[in-house]
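Protein chains in written order, with our numbering: chain A, 1 to 285; chain B, 1 to 421.
Keep in mind that the hints were calculated from the coordinates and are not lab data. Think of the CB as a built atom: it goes at the ideal place given N, C-alpha and C, for glycine as much as any other residue. Hints may be right or wrong, so weigh each one.
To be verified - Chain A residues, not near chain B, derived (Cβ > 10 Å throughout):
#1 V11
#2 A21
#3 F109
#4 V112
#5 Y175
#6 L181
#7 I233
To be verified - Mimicking DSSO-like on lysine-lysine, the simulated pairs with C-alpha atoms at most 27 Å apart in a straight line are:
#8 A:K170 x B:K259
#9 B:K174 x B:K199
#10 B:K331 x B:K351
#11 A:K170 x B:K174
#12 B:K174 x A:K96
#13 B:K174 x B:K259
#14 A:K167 x B:K192
#15 A:K170 x B:K312
#16 B:K218 x B:K199
#17 B:K218 x A:K169
#18 B:K135 x B:K33
#19 A:K169 x B:K122
#20 B:K259 x A:K167
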Amino acid sequence: MLVRGIVEVAVHTTLLWAAVAFYGLALVLILPSVRRRRPRLSPWSLGALGLGLLLHATALTVTTAQTGRLQPTDVRSALSLFVFTLTAAFFAVYLKYPITSLGIFMLPFVFVLSLISALQPPPSLSPGGLRGGWLLVHIASMMLGYTGLFLTSVGAIMYLIQESELKSKKPRAFYYRLPPLEVCDELYYRSLVFGLVFLSLGILTGVVWASRTWRGPWQLDPKIVASLATWIIYLILFSTRLSGSGRRRRAAYLAIFGFAAVMVTFLGISFLSSQHGFFPKLGSP
Amino acid sequence: MNLVLAGMNHRTAPVEVRERMHVQESTLVQALKALMGHDGILEGMIVSTCNRVEVVANADDKDDAATTIRQFLSGYHRCDLRDYESYFYWHRQRDAVRHLFRVASSLDSMILGEPQILGQIKQAFLTAQAAGTLKGTLHDVINQALAVGRRVRRETALGTAAVSVPYAAVELAKKIFGNLAGKTVFVIGAGKMSELATKHLLSSGAGAILVTNRTYQKAVQLAHAFRGTAIQFDQIFQYIGQADIIISSTGAPHFIITKDRAERMIAARRNRPIFFVDISVPRDVDPSVNDLDAAFVYDIDDLQGVVEANIKQRQREAAWAEEIVEQEVQKMMRHFASREVVPTIMALEEKLNRIRQGEMERFQGRLTSLTPEQRETVEALTQGILNKILHGPITELKSGAGSPEHRALVQVIRRIFGVAD
Chain A
1 MLVRGIVEVA
11 VHTTLLWAAV
21 AFYGLALVLI
31 LPSVRRRRPR
41 LSPWSLGALG
51 LGLLLHATAL
61 TVTTAQTGRL
71 QPTDVRSALS
81 LFVFTLTAAF
91 FAVYLKYPIT
101 SLGIFMLPFV
111 FVLSLISALQ
121 PPPSLSPGGL
131 RGGWLLVHIA
141 SMMLGYTGLF
151 LTSVGAIMYL
161 IQESELKSKK
171 PRAFYYRLPP
181 LEVCDELYYR
191 SLVFGLVFLS
201 LGILTGVVWA
211 SRTWRGPWQL
221 DPKIVASLAT
231 WIIYLILFST
241 RLSGSGRRRR
251 AAYLAIFGFA
261 AVMVTFLGIS
271 FLSSQHGFFP
281 KLGSP
Chain B
1 MNLVLAGMNH
11 RTAPVEVRER
21 MHVQESTLVQ
31 ALKALMGHDG
41 ILEGMIVSTC
51 NRVEVVANAD
61 DKDDAATTIR
71 QFLSGYHRCD
81 LRDYESYFYW
91 HRQRDAVRHL
101 FRVASSLDSM
111 ILGEPQILGQ
121 IKQAFLTAQA
131 AGTLKGTLHD
141 VINQALAVGR
151 RVRRETALGT
161 AAVSVPYAAV
171 ELAKKIFGNL
181 AGKTVFVIGA
191 GKMSELATKH
201 LLSSGAGAIL
211 VTNRTYQKAV
221 QLAHAFRGTA
231 IQFDQIFQYI
241 GQADIIISST
251 GAPHFIITKD
261 RAERMIAARR
271 NRPIFFVDIS
281 VPRDVDPSVN
291 DLDAAFVYDI
301 DDLQGVVEAN
311 IKQRQREAAW
321 AEEIVEQEVQ
331 KMMRHFASRE
341 VVPTIMALEE
351 KLNRIRQGEM
361 ERFQGRLTSL
371 TPEQRETVEA
381 LTQGILNKIL
391 HGPITELKSG
401 AGSPEHRALV
411 QVIRRIFGVA
421 D
């Protein structure tokens, strides 16, 4: 049993590193498209990214088969799952917006996060731990929510850069490479709605699950408090946009700040939270 | 293959010389026939546009095609060509191929990357083909030139950035709104520039057009031309709220769109972007409107600045295009060179095989005692020796084909093996 576990950890680690390598390769392969101002990404870089995604999916399947659960219990697997969702989302968004700049802004992030995830100590792969249908919905929703909010900030960054190019009246490198302002804005707004819906669902299911499982004052868990804070940021962005009163530049800055807050919640607070941290007191009552 | 090209363009010849050497489209077939009527000309094509005249011919190998083309030009245009000699450039073989590829890629155009030239060459190609003056090497060269032109268009952004003020306005509108469908253009005042910009915006898919002018009659005329709506000048502010793109050229002494006014407009638009194209001098739109969120104001100098930046961008793209052209020239020349060595290779093989068969026959009498199997072995053995001998020369012939030294090498191989020229 122990030997089998070690082998599976090795398989998982190898697959994950292979996925990281292909993500890196995809990143390198977009450079010629960027340099030569091609409107779309080369099939080579999309192919490398797709292969990375496939290897990543296999790695996740191996882990799930071994432990009998999809839920991440440590930073490595949580990040890994997030990167997987991000990359899948990249393909989904690229179908609608086949633009090179999407690769410029998403792939470095995908690569760096996958690298961080692979550098973490490997998981124990011990079966058991956190279980429950509510929890599964909670985690899936949070992953989709975070992905949507990441795309929101990508749209916001592209918007800010293109806006400053247009305001400066002196076309420079980005003017020729970024999509029209309204396309940046559309990406921003659509992913904001998507992200907010799943973030809300994630928080709701999380609360339901926690109230059933955890004892003690779980409402004061730092991660839950931080999640609510980020949720409020996005709610403000959404409602000002809906009423048409918000300045777009200001909203873009807030969206970028919001995603930074999400990342802090996701990674940073995990170390502080007793209930919600990825490593300590796993599945504590 | 003996390609010669004579040509003049906007850089080498002034317009009065270019029009003297121009070949009317209606008489193009006649001109081609006259060119083909000269001795030694196998193929010919003529490209004549307002910016260039190019005569290209493929002649017999030993023919002095340049002299023939000179005779044709002076005969056709009824002039002494010596008076025009300094305006012509001459290209031969590889240089002629490169020149044709560059012209088709719009690298030799007055406006770098302009799209018409490719169509003009295609037209000249089709005319020559129909007249039966393209049937071999030159046909392949022109066909490839068209392919190279398309490749440059596809793989570089040489022809994309706007290089005129009206187009720059359209390009900016697209950079702001993306799709122009459903966008409303408000034209305040009239003028060549704003009319052109409006026309281009319409053909790029802009939706409604509103037109106003101090003289209402003019507004009605312009609105009619654009299938738009004419607005009374004093009602500007009742309608301006509908506009996404405002093209202004009134020449009024003070700002028509003040910052205050623009702020209210933007609030009413719920912060959707708005684009002011201010072509009038003195300006109609307060430049500080550009500081407002989602408002973009471009005056005539700004548009000119965009055009200049775009020209630089085209020049950068031209470097990529030149690389593509150079690759393609090499490919084409390698193709021709390998085609040229085929007869030599065949002659070599034939010659050595004849020797082998001659010797086999000579020893026929002494080989009668061999079994069929043994006989087959002897055949294989002699053939093997032959193949081994041939391997070196054939590899040499095939590699490096096309270079000048290679031509000498081909001659040496032919001499050594006694293959007649």
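Hint-by-hint comparison with the structure:
1. V11: holds (42 Å)
2. A21: Answer for A21 (chain A): holds, closest chain B Cβ roughly 29 Å.
3. F109: F109 (chain A) is indeed farther than 10 Å from all Cβ atoms of chain B, at 24 Å.
4. V112: holds (30 Å)
5. Y175: At about 7 Å from chain B, Y175 (chain A) fails to clear the 10 Å cut-off, so the statement is violated.
6. L181: Label violated. Min Cβ-Cβ 5 Å, cutoff 10 Å.
7. I233: Holds, because the least Cβ-Cβ distance between I233 (chain A) and chain B comes to about 19 Å, which exceeds 10 Å.
8. A:K170 x B:K259: With a Cα-Cα distance of about 22 Å, the restraint between K170 (chain A) and K259 (chain B) holds, given a limit of 27 Å.
9. B:K174 x B:K199: Holds, because 14 Å separates the two Cα atoms, which is no more than 27 Å.
10. B:K331 x B:K351: violated (31 Å)
11. A:K170 x B:K174: Roughly 16 Å between the alpha carbons, so the hint for K170 (chain A) and K174 (chain B) holds.
12. B:K174 x A:K96: Between K174 (chain B) and K96 (chain A) the Cα gap is close to 18 Å, so the pair holds against 27 Å.
13. B:K174 x B:K259: holds (24 Å)
14. A:K167 x B:K192: holds (26 Å)
15. A:K170 x B:K312: Given pair K170 (chain A), K312 (chain B) holds - Cα atoms ~12 Å apart, limit 27 Å.
16. B:K218 x B:K199: Holds, at roughly 16 Å.
17. B:K218 x A:K169: Distance of about 32 Å is beyond 27 Å: violated.
18. B:K135 x B:K33: holds (14 Å)
19. A:K169 x B:K122: Not satisfied, since the Cα-Cα distance of roughly 38 Å exceeds 27 Å.
20. B:K259 x A:K167: It holds: about 16 Å lies between the C-alpha atoms, which stays within 27 Å.
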